[in-house]
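Enquirer: Here's the letter readout for the chains.
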Amino acid sequence: MSRFFERYEAEANRFFDEVISKDGMPRAHYDKLLHRFGQFSIDDIKARREIVNIFFRNQGITFTVYGENEGVERLFPFDLIPRIVPGNEWQTIEKGLIQRITALNEFLHDIYHTQKILKDKIIPPELILGSQHFIREFVGINPPLGIYIHVTGSDLIRDGQGNFLVLEDNLRTPSGVSYMLQNRQAMKRAFPVLFDKYQIRPIDNYPQELLRTLQEISPNSRHEPNVVVLTPGIYNSAYFEHSFLAQQMGIELTEGKDLVVNDNKVYTRTTRGLERVDVIYRRVDDAYIDPLVFRPESKLGVAGLVNAYRKGNVTLANAIGTGVADDKVIYSFVPAIIKYYLGEDPILQNVPTWLASNPSDLKYILENLGSLVVKAANESGGYGMLVGPESTIEQQETFAEMIVANPRNYIAQPTISLSRHPSFFNDTDLYGCHIDLRPYVLYGKTVTIVPGGLTRVALKRGSLVVNSSQGGGSKDTWVVDE
Amino acid sequence: MLSRVAESLFWMSRYFERAENTARFLDVNFNLLLDLNKITQVENPSYWVALILVTSDKERFNSLYNEYSAHTVTDYLVFNKNNPNSITSCISLARENARSIIESISSEMWEQVNNLYHYLQSINPQFVHNNPYGFYKEIKNASHLFQGITDNTFSHNEGWDFIQIAKYLERTDNIARLIDVKYHMLLSEAQRQPEIVEGSEDIIQWMAVLKSCSALEAFRKVYLSKIDPDNILRFLILDRTFPRSINFSVCAAEDALWRISGSSRHRYVNNADRLIGKLEAELSYTAIEDIFSRGLHHYLEDLEQRLVKVGEQVHLTYFAYHTPEIESPDIAEALPFTGIAGGRPNWSQAQQHQQQQ
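Residue numbers (the working numbering), protein chains in the order written: chain V, 33 to 514; chain U, 677 to 1033.
Hints may be right or wrong, so weigh each one.
As the list claims (entries may be wrong) - No farther apart than 25 angstroms at their CA atoms in a straight line, the calculated lysine to aspartate or glutamate pairs in the DMTMM-like style are these:
no.	chain 1	residue 1	chain 2	residue 2
1	V	K127	V	D513
2	V	K331	U	D915
3	V	K289	U	E988
4	V	K289	U	E834
5	U	K954	U	D915
6	V	K371	V	D513
7	V	K220	U	E787
8	V	K78	U	E988
To be verified - Some chain V residues near chain U, calculated using beta-carbon distances under 7 angstroms:
no.	residue
9	S275
10	N296
11	Q381
Simulated from the structure, these hints should not be mistaken for lab results. All C-beta atoms in this analysis are idealised placements derived from N, C-alpha and C, irrespective of residue type, glycine included.
Construct all of the structure, not just a fragment, from the sequences and the given hints.
Expert: And the structure:
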């Protein structure tokens, strides 16, 4: 075994380690990787780190941190050791995600039409009708092909036994796919020999698949639909991704001010006048997308866009109002949703979840705040969260008050010790860092998942939070065939 | 092409050119002081005030510094973030514009803007003080490299033409300012000390003007050894073949504008084309004596104003997001507009509200 891995302490009894099994031996699919890293000196690692840093810096791959100086750009932390998923494990993930996304799409269609699932009392109606993401203006509208969630990024974690569980369904505007693509490019530059030793399934076709999906949902049958990306602008933390995807797809990147609606049709403003738009891959949240319908002060959106959408003159991806299905409260009903619409048992399990709106659950949550993870139903990015074992008594008391005041807004889950993966703590030592996995699911005429996803790493020692806004980084993710 | 993309290409190019010209002014001033053996008087304010006059924001300078010296003027023109026209500010703005259209430009162009930006972030005033020649050379070369990369990696279509318009409008403006200030200074000095006018210092000063436009060698090939102010002005204003003369730059801007709209010598399509065409035609039939009889200062001032008008018309014709057939006039007024600051056109950044995802 390599010198880096000789010193590595997996603690395989406490955590599920992705590389080292409980008996202390490396898992078979990591053999070749360990062998290769065994040939590296510390200087070799430093040289490869430099190749990767230059690549990311030259590409301008940065993200913006809020709360520090306005507009501080940082390189996205990247770990050199790839995460390897064997083909057979991937097959389960793929099947499970297709099942889950298909069911959630049926659910959205139902919620925005006959609401059968509410009438059958599978889900308490007040949870849906009272959700801030349930958009009444959108009831009865038929998006092309009946699809609401064209691009999703579900967060998967592994429990102590190594089972994949779904932690979150991100059905609104999930980000991070550009990091998935760029991580692969960076790894190809830094570790060409290692690539040769594995049969790694390619992911580079993601932008083409995304464009195909977007073209398939065009509202009219024009030969070449005009598809654009809509970004909040260069100060958005995911701006790099928006421009990267537009460039890779070869389509225009637009801001709200580039678009104008006339007679319920959407146009871009060009140096030669107005040009009709058919499909908008929007990376602007519902609340900001149309000042006439939602937040009137928003300058990120386009006045009249929602009406143009309702008239069927333009398609938005994802549809408006999909947030109602990725609410953390609705999350706890997804297994029931799968069963209800598809008549199948879920392939991927949920993390056990207690709802504060349910009186007996509320009692349990308040009594066990010190061991649970409490989450606000509508926050994302690791904000509005209490990690019980790491919290102080004061923090727990504050949360208890907030939960009692607004139970609908909170859920609790057991503290799951996410699986760990050896990652470079600096360039000399490996440390077991907690990871998750976000695969990206495209839904057009068919459901497509590129093999892989973004593996996020909690690079802060011992931390369970993998979000980039909270000091997380990422790894390249290889789905390999034997 | 999207109006916003065209506008960002325009300002990216314009700020890059402005940074290069500022580097040229500063570089030549240092050299000039060496030539004049006045290195002991490097702190003499009269040698530095001119640079502030060229950039025509004396008021802002006075609000930030107490004196004109090598140190303060260099700091103001190279580093100061409160000066929107400092080299650092220009490159930051060029990069910001490039970043907003990163999917439209070639990745090589982006890398070059980004490299220069990071280089400037790593430089401190002491470095420039120790090696001004090396530093300014770096900036000039970076700009030339950017133009070369642009010409060789970016399609020569509409977007490239907007880059050319911006570059040549900015260059024309800078040459005009440089001549204006130098002439003004020499004239007022001549009035104080008449014996200097014919002296060698005068010639050296005019040679410095040529050098700052990289024009000394080209000038010598045309006018051989006769370096006198009339010939120098004739060359810098009216020469049609030298790429840093006013006439050449106006022609190049005109070509680019006409390519975009399809205008021609006898038929203009919009006001930007008309104004640049008029300017070019006048330059073609102007003799240096005409300029002197009108007064050089007045002539140059008028030229600068006409360039601003061309810029305004380019904005209205191609960039203004206003579509009169759809929006009411009060909406149009609320839309972002390119402002003029310190007598030099500047990019006014549209308000962008943050959003968390």
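Enquirer: For each hint, tell me whether it holds in the structure or not.
Expert: For each hint, the structure was consulted:
1. K127(V) - D513(V): holds (17 angstroms)
2. K331(V) - D915(U): Distance of about 48 angstroms is beyond 25 angstroms: violated.
3. K289(V) - E988(U): holds (20 angstroms)
4. K289(V) - E834(U): holds (21 angstroms)
5. K954(U) - D915(U): holds (17 angstroms)
6. K371(V) - D513(V): It is violated: about 32 angstroms lies between the C-alpha atoms, which goes past 25 angstroms.
7. K220(V) - E787(U): holds (20 angstroms)
8. K78(V) - E988(U): The hint is violated at about 52 angstroms.
9. S275: holds (4 angstroms)
10. N296: violated (12 angstroms)
11. Q381: violated (27 angstroms)
Of the numbered hints listed earlier, those contradicted by the structure are 2, 6, 8, 10 and 11.
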